[in-house]
Amino acid sequence: MNNILSAKGIAKAFDDKVIFRDLDVDLSEGQTVALLGPSGIGKTTLMNILSGVMTPDEGRVTLCGEDITGKPGHISYMQQKDLLLPYYTVLYNVALPLIIKGESKKEALKKAGGYFEFFGLAGYEDKYPKELSGGMRQRAALLRTYIQSGKVVLLDEPFGALDAVTRRKMQKWYLGISKELELSTVVITHDTDEALILADRVYIMGEGKELDVIDLKDKPSNFELTEEFIKLKKQIVSYL
Amino acid sequence: MKRPKSIIDKLLPLGTFAVIIVIWQMLSVTEVVPAFMLPSPVKVVKAFVNDFPVLMEHAGYTLLESAIGMSVSIVIAFFAAVIMDRFILVKKAFYPLLVVTQTVPAIAIAPLLVLWFGFGLSPKIILIVIVCFFPVAVGFLDGFASADPDEIKLLRSMGAGNMQIFRHIKLPYSLPHFFAGLKVSSSYCIVSAVISEWLGGTNGLGVYMTRVRKSYAFDKMFAVIILVSALSLLLMALISLLEKKLMPYKKEERK
Chain A
1 MNNILSAKGI AKAFDDKVIF RDLDVDLSEG QTVALLGPSG IGKTTLMNIL
51 SGVMTPDEGR VTLCGEDITG KPGHISYMQQ KDLLLPYYTV LYNVALPLII
101 KGESKKEALK KAGGYFEFFG LAGYEDKYPK ELSGGMRQRA ALLRTYIQSG
151 KVVLLDEPFG ALDAVTRRKM QKWYLGISKE LELSTVVITH DTDEALILAD
201 RVYIMGEGKE LDVIDLKDKP SNFELTEEFI KLKKQIVSYL
Chain W
1001 MKRPKSIIDK LLPLGTFAVI IVIWQMLSVT EVVPAFMLPS PVKVVKAFVN
1051 DFPVLMEHAG YTLLESAIGM SVSIVIAFFA AVIMDRFILV KKAFYPLLVV
1101 TQTVPAIAIA PLLVLWFGFG LSPKIILIVI VCFFPVAVGF LDGFASADPD
1151 EIKLLRSMGA GNMQIFRHIK LPYSLPHFFA GLKVSSSYCI VSAVISEWLG
1201 GTNGLGVYMT RVRKSYAFDK MFAVIILVSA LSLLLMALIS LLEKKLMPYK
1251 KEERK
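Protein sequences, first through last, are from chains A and W. Mapped onto the working numbering, the consecutive letters of the first sequence carry residue numbers 1 to 240. Mapped onto the working numbering, the consecutive letters of the second sequence carry residue numbers 1001 to 1255.
Isolated chain A, as found in the complex (with noise of 0.2 Å):
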């Protein structure tokens, strides 16, 4: 499979500390890749790296074979906090992204209207974000980094914010619309239990700054109910 994001040996230090040296990271098409570590190990400054907001001190990030290291606007992420503006209503949130690469209002719209059926909140493009439960801006937060970034889509702590069903709710549903629209995901959780439900790979960042990888192919679609699941979460577990 084509690696679609690739990350090759990113270096970034802040002033005298080194948050990572010399890490890969790969992302095929179609495919869901987690960052799973814990608090403060630079899991955001690598979404920042990945996203071309930051510029890493070393190393390239391509997307599709092009260069986008320190290059915002192609990529997006989202974040636990939705970032949704308060005084823009949910539908004009949404075409954000188009209006900001200088779609006109009419068209940008009209386009992220299209989506708001399939990601379940047709009825509320008029709301303010106010109006809508936590899961539902999480959505709207979503088709927003969809629809600026298109298949490639980084999320950071996505569900983080929200109950536990809820959570779950949202990770199965992640799970359906990431197959349909063929979305190729970075994920970063500390969620051990969230890296192994959306993820096909887990880089797993411990104190070592070196990755450790673990593959998951083929998950059952219970996969968290499994022996299998336990076993590479008390692996995981021993990992941080």
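Simulated from the structure, these hints should not be mistaken for lab results. Nothing here was measured: the structure is a model prediction, and the numbers come from that model. Here a beta-carbon is modelled for each residue, glycine too, at the ideal position from N, C-alpha and C. Treat each hint with caution, since some may be false.
Pairwise CB distance ranges (calculated) [claimed, not checked]:
id : chain 1 : residue 1 : chain 2 : residue 2 : range
1  : A       : SER104    : W       : LYS1010   : 43 to 49 Å
2  : A       : LYS101    : W       : PHE1094   : 33 to 39 Å
3  : A       : ASP163    : W       : LEU1246   : 32 to 38 Å
4  : W       : SER1006   : A       : PHE118    : 39 to 45 Å
5  : A       : THR55     : W       : PHE1094   : 30 to 36 Å
6  : A       : LYS169    : W       : LYS1245   : 34 to 40 Å
7  : W       : LYS1245   : A       : LYS233    : 33 to 39 Å
8  : A       : LYS110    : W       : SER1006   : 24 to 30 Å
9  : A       : LYS101    : W       : GLU1057   : 33 to 39 Å
10 : W       : VAL1090   : A       : VAL165    : 50 to 56 Å
11 : W       : VAL1090   : A       : ASP163    : 44 to 50 Å
According to the in silico footprint, chain A covers these stretches of chain W (three or more CB under 8 Å from chain A) [to be verified]:
id : segment
12 : 1150 to 1161
13 : 1164 to 1170
Computed from the model, here is a short list of chain W residues facing chain A with C-beta under 10 Å [unchecked claim]:
id : residue
14 : TYR1173
15 : LEU1175
16 : LEU1242
17 : LYS1245
18 : PRO1248
19 : TYR1249
Given chain A's structure and the hints, the job is docking chain W onto it.
Below, chain W alone, put in the same frame as chain A:
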């Protein structure tokens, strides 16, 4: 359950107001306070009605000065805030100076302005700008600073430039702060106009006030004072209306 309570909330201050008026009327009628010093509310209303055309003519001038002064204040405040927000050094250099200008009493500089700029519109407008500029500028500045850095980062990741970030993040975030500042300014605005009219000029409520004061027409004095308050209230109501129009999402939040 909610509705009757809100009606009571509205009636309560009106009731207090009515009681005060009644007490005032009684004090005048019973001559506890001599009528020439404290005219009764009925006399004040009569004076207001009798002098209505003259009052309106003067009010027109005062409102014109206020409108120009306010508009100029808002425009200057906006650009000053944008520049100070963009260039942190400018902010550091000028912000303390702005605070100092606020401690200068309007009444003290008004005569100077008359000496420098004459009896026309300009000294009045300048005084209004000096008084009203600051709350609006601070409103804008605080508003720009209140923008969520994560949201700015998000827009950067969309490839947005400074102008777009200003348009989509900073400007909308500044609106509530701007309106808070504007309400403060508006309450100063008419009063500043009146004060500068006291000191010189041929038209305006301040001029009228000086004339009736010199002729000891206390009933007219009260009539014009009430008119000045009413105009300030009207201006504030107008700003609230504009606020609701420009920020429809605020209403939804309250639900």
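Hints numbered earlier in the text: which of these fail when held up against the supplied structure?
7, 8, 9, 16 and 17
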